[in-house]
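**Q** The primary structure of each chain is shown beneath.
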Amino acid sequence: MNALPEAETLLAPLVAELRARVTPASAMIGLYTGGAWLAERLHAMLGIELPLGLMDIAFYRDDYAKQGLKHDPKRTRIPFEVEGRDLLLVDDVLYTGRTVRAAMNELFDYGRPRSITLVVLIDRGGRQLPICAQHCGARLELPERKRLRLKRDADGALRLELEDAA
Amino acid sequence: MPRNPQLNANGKLQHLLSIEGLPRDVLLQILDTAESFVGVTEREVKKVPLLRGKSVFNLFFESSTRTRTTFEIAAKRLSADVINLNIATSSQSKGESLLDTVANLSAMQADLFIVRHASSGAPFLIARHVKPHEHVINAGDGRHAHPTQGLLDLFTIRHYKREFGALTVAVVGDVLHSRVARSLIHGLTTLGVPEVRVIGPQTLLPAGVEALGVRVFHDLREGLRDADVVVMLRLQNERMNGALLPSAQEYFMKYGLTAEKLAHAKADVIVMHPGPMNRGVEIDSSVADGPRSVILPQVTFGIAVRMAVMSIVAGN
Amino acid sequence: MRVLIKGGRLVDPASGRDAPGALLLDGGRVAALDAEAEGATADRILDAAGLVVAPGLIDLAVRLREPGFEFKATLESELEAAVAGGVTSLACLPDTDPPIDEPGLVDMLRRRAKALGRARVYPIGALTQKLQGERLTEMAELAAAGCVAFSQANFAITNSQVLWRALQYAATFDYPVWLRAEDRWLAAGGVAHDGEIATRLGLAGIPVFAETVALATLIELVRATGTRVHVCRLSSAAGVELMRAARSEGLPMSCDIGIHHAHLSDIDLGYFEAQCRLEPPLRSRRDREALARALADGTIDCAVSDHTPVDDDHKLVPFDEAEPGATGLELLLPLTLKWGAEQKLGLAQTLARVTSEPARILGVAAGRLAPGSPGDVVVFDSEAPWRIVPEALRSQGKNSPFLGYELTGRVRTTLVAGSVVFEQP
Numbered sequence: 001m002n003a004l005p006e007a008e009t010l011l012a013p014l015v016a017e018l019r020a021r022v023t024p025a026s027a028m029i030g031l032y033t034g035g036a037w038l039a040e041r042l043h044a045m046l047g048i049e050l051p052l053g054l055m056d057i058a059f060y061r062d063d064y065a066k067q068g069l070k071h072d073p074k075r076t077r078i079p080f081e082v083e084g085r086d087l088l089l090v091d092d093v094l095y096t097g098r099t100v101r102a103a104m105n106e107l108f109d110y111g112r113p114r115s116i117t118l119v120v121l122i123d124r125g126g127r128q129l130p131i132c133a134q135h136c137g138a139r140l141e142l143p144e145r146k147r148l149r150l151k152r153d154a155d156g157a158l159r160l161e162l163e164d165a166a
Numbered sequence: 167m168p169r170n171p172q173l174n175a176n177g178k179l180q181h182l183l184s185i186e187g188l189p190r191d192v193l194l195q196i197l198d199t200a201e202s203f204v205g206v207t208e209r210e211v212k213k214v215p216l217l218r219g220k221s222v223f224n225l226f227f228e229s230s231t232r233t234r235t236t237f238e239i240a241a242k243r244l245s246a247d248v249i250n251l252n253i254a255t256s257s258q259s260k261g262e263s264l265l266d267t268v269a270n271l272s273a274m275q276a277d278l279f280i281v282r283h284a285s286s287g288a289p290f291l292i293a294r295h296v297k298p299h300e301h302v303i304n305a306g307d308g309r310h311a312h313p314t315q316g317l318l319d320l321f322t323i324r325h326y327k328r329e330f331g332a333l334t335v336a337v338v339g340d341v342l343h344s345r346v347a348r349s350l351i352h353g354l355t356t357l358g359v360p361e362v363r364v365i366g367p368q369t370l371l372p373a374g375v376e377a378l379g380v381r382v383f384h385d386l387r388e389g390l391r392d393a394d395v396v397v398m399l400r401l402q403n404e405r406m407n408g409a410l411l412p413s414a415q416e417y418f419m420k421y422g423l424t425a426e427k428l429a430h431a432k433a434d435v436i437v438m439h440p441g442p443m444n445r446g447v448e449i450d451s452s453v454a455d456g457p458r459s460v461i462l463p464q465v466t467f468g469i470a471v472r473m474a475v476m477s478i479v480a481g482n
Numbered sequence: 483m484r485v486l487i488k489g490g491r492l493v494d495p496a497s498g499r500d501a502p503g504a505l506l507l508d509g510g511r512v513a514a515l516d517a518e519a520e521g522a523t524a525d526r527i528l529d530a531a532g533l534v535v536a537p538g539l540i541d542l543a544v545r546l547r548e549p550g551f552e553f554k555a556t557l558e559s560e561l562e563a564a565v566a567g568g569v570t571s572l573a574c575l576p577d578t579d580p581p582i583d584e585p586g587l588v589d590m591l592r593r594r595a596k597a598l599g600r601a602r603v604y605p606i607g608a609l610t611q612k613l614q615g616e617r618l619t620e621m622a623e624l625a626a627a628g629c630v631a632f633s634q635a636n637f638a639i640t641n642s643q644v645l646w647r648a649l650q651y652a653a654t655f656d657y658p659v660w661l662r663a664e665d666r667w668l669a670a671g672g673v674a675h676d677g678e679i680a681t682r683l684g685l686a687g688i689p690v691f692a693e694t695v696a697l698a699t700l701i702e703l704v705r706a707t708g709t710r711v712h713v714c715r716l717s718s719a720a721g722v723e724l725m726r727a728a729r730s731e732g733l734p735m736s737c738d739i740g741i742h743h744a745h746l747s748d749i750d751l752g753y754f755e756a757q758c759r760l761e762p763p764l765r766s767r768r769d770r771e772a773l774a775r776a777l778a779d780g781t782i783d784c785a786v787s788d789h790t791p792v793d794d795d796h797k798l799v800p801f802d803e804a805e806p807g808a809t810g811l812e813l814l815l816p817l818t819l820k821w822g823a824e825q826k827l828g829l830a831q832t833l834a835r836v837t838s839e840p841a842r843i844l845g846v847a848a849g850r851l852a853p854g855s856p857g858d859v860v861v862f863d864s865e866a867p868w869r870i871v872p873e874a875l876r877s878q879g880k881n882s883p884f885l886g887y888e889l890t891g892r893v894r895t896t897l898v899a900g901s902v903v904f905e906q907p
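Residue numbers (my numbering), protein chains in the order written: chain Z, 1 to 166; chain R, 167 to 482; chain F, 483 to 907.
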């Protein structure tokens, strides 16, 4: 198992990669909760003009039948037109790929984007669906029984944390 | 006393039968989830796939186009299949028993029953006899409860007033016969509203109503003093026949909400009504259509609240 | 036939006796007790070691459902249930279909009951024709046919003039009149006690004053007519106080409660439990306590089962559509014992409420164990628990608020007129 990288140090290289993609027409959407925090930082560092979109996939998850509705869904806000847009979809950790699948389904209910580029801080493998991230801060291998989360400290600093899966 | 039939063995909401007996955090979960659904109802594709493949049966033993329609819209926005059954009470009394009707529908793979019935407690009886994967939502039973209405009223209050902790809420009218009033009162007291008032003539207030945690007023102006929220209840024509009231005119004189009476409440008071309104009986048009009225937004919130209830219950 | 019951705890509420002893029955009557009975020869000897031997229970309110409601119950099943419950004499209510307002029906009932050879049946006749509260029945004819009293069951007489005249007419011949005290208009539409619980549940309420207004009227009319009136199924503390005053005044009035009302209150309605839909309704906890205490201090003379078999179809419906009533013949003994224990009464005092006291009101010689009394005896295990489940009940009425509960007090043997009519296998 690899040692956990420092989240903050991964940001700058990621931003450098992304700068080539960003145009005045680009828009960014972060997935609650970790992806939203990450997106807030990237959005600011990249100087994207259009306001940041934030998305909760609670109503599009594929495990509703087993788990029911997750407590306290946040409200999805997309303050720009999705139709024809080049979108940067941001999440903290890419694992099975199911979250991204749900996010794309939800996105398409808002309109038909021209393109979706997936940006993640960590790709930990273990994909169960054919999803891949075009931009990734770091690749890690982690045991199945562990869950990787992005946390935000009181001063706004981002930090990766490993937990036991419930 | 048996376990609250609304909650399953894990304490999760499996049916919504009444607001009474629901823990505070369950109420808040419903309101918070409804908040998210408001966003869905505002975008172009108003559907989410949560209940795709599920069958929602609208079982209305008491007819109501309004409530049935909002449930239908809410269910369809969750991508469910909706089947409407209007069973007139008279034919039901000659034909199938309530439980037989439900059993037959159950055999047709129902997932969710939305039930409105003239007898208090009917949804409880149904909930005791459905299969484990079937869920019951009470759309109004007799005088007992109308929990989704109570929830949308709470949602509306929270939308305009933010906090419940310092409010004075006045409920005006026929509390005796009102399931809307009972549900709202339970919700308000559970969420910690410090002053809940009921205002009406003695003939329209039930025995021991103070035990619900309310203050009783018979004078409308006095009861409206410094109120933050005023909820007007509908007055039905039958009340004049049962020697409960002399006439609609006299009722309007004493208990009808006019601008002059409303002036006793706080300047930023909101006026609510579950609908349909009897203009000139319980409420004056100038107030119903006036700046303090939030009666139309109530209807919009009603769809989001029902989407929230169905998606929480069907997932447990 | 001589029957000797030995080794039991012999309880005779009429004399207050509660001591071990033997009981000898001969020729259908009590022949001897204790030493005289001990060692007597007998055709049959029953060993009552560890058991209580008491007079057979007398139940003043039983619905046998015949004629007219045979799909709910029959004489066979209900009289079997009676002796299984230790009830050896019962008064049956006139609200059958047709109501018991004709001598022919009384005849038929008595003959059928006699032929079955189980509990003794005392028919109560209708006070007005068809129980409609307008025209008097032929009370003399009905009395001659065997009616012990006249009643309206749960159908109030709304015309006070008719009520007055009916009481007057009955008083002429000293016929007892047994009436429920409930004002029909004040109770109209109500299905539960008018109070906090009904308000929460959204059920139409029957206020206490529906009972007290009618009771005050009844008391006033008794003052004027001198009729012997037995008030059936009191339900409220306020009603108890009215009765207490009437009795201390010396009016010829007595009263009973349904044994369920000594145990249950409106809280037991729970989530609209239709098994708790009763007439009169279960009232508040304070009312229940007052009724239970009044039964102990004698203000209320006796307890009855108010046995009302109701089929499932009429209970598995919303509360306000359910048919009121509970099965009771087989629960009268355990529920009476439970009440007596809660009131900290001795066994003789407890059983008096369902033996010697109802016997006095009915005007029969049964309900006591003295030489010459009818040989109606119940032998029961006062400690034996049993679960109230449909299979355990012989009545066709399986409707009870106590379904699934465990009660204490099980009948082992019942004798009527000196013959064994029931034995627990």
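Simulated from the structure, these hints should not be mistaken for laboratory data. One or more hints might be untrue.
[What the hints assert, rightly or not] Straight-line Cα separation of at most 30 Å, DSS-like style, residue types lysine-lysine; simulated pairs:
#1 R/Lys427 with Z/Lys74
#2 Z/Lys70 with R/Lys297
#3 Z/Lys74 with R/Lys212
#4 Z/Lys74 with R/Lys220
#5 Z/Lys151 with R/Lys220
Owing to the predicted nature of the structure, the values given are computational and were not obtained by experimental measurement.
**Q** The structure should be examined with respect to each hint, and the outcome stated for every one.
**A** Consistency of the hints with the structure:
The straight-line distance between the Cα atoms of R/Lys427 and Z/Lys74 is roughly 40 Å, outside the 30 Å bound, and the hint therefore fails. A threshold of 30 Å between alpha carbons decides the hint, and for Z/Lys70 with R/Lys297 the separation of about 24 Å falls inside it, so the pair holds. A C-alpha spacing of about 17 Å is found between Z/Lys74 and R/Lys212, which places the hinted pair at or below 30 Å, so the restraint holds. Taking the CA atoms of Z/Lys74 and R/Lys220, the gap is near 24 Å; set against the 30 Å cutoff, the hint holds.
A hinted pair counts as satisfied when its Cα atoms are at most 30 Å apart, and Z/Lys151 with R/Lys220 does not qualify at roughly 37 Å.
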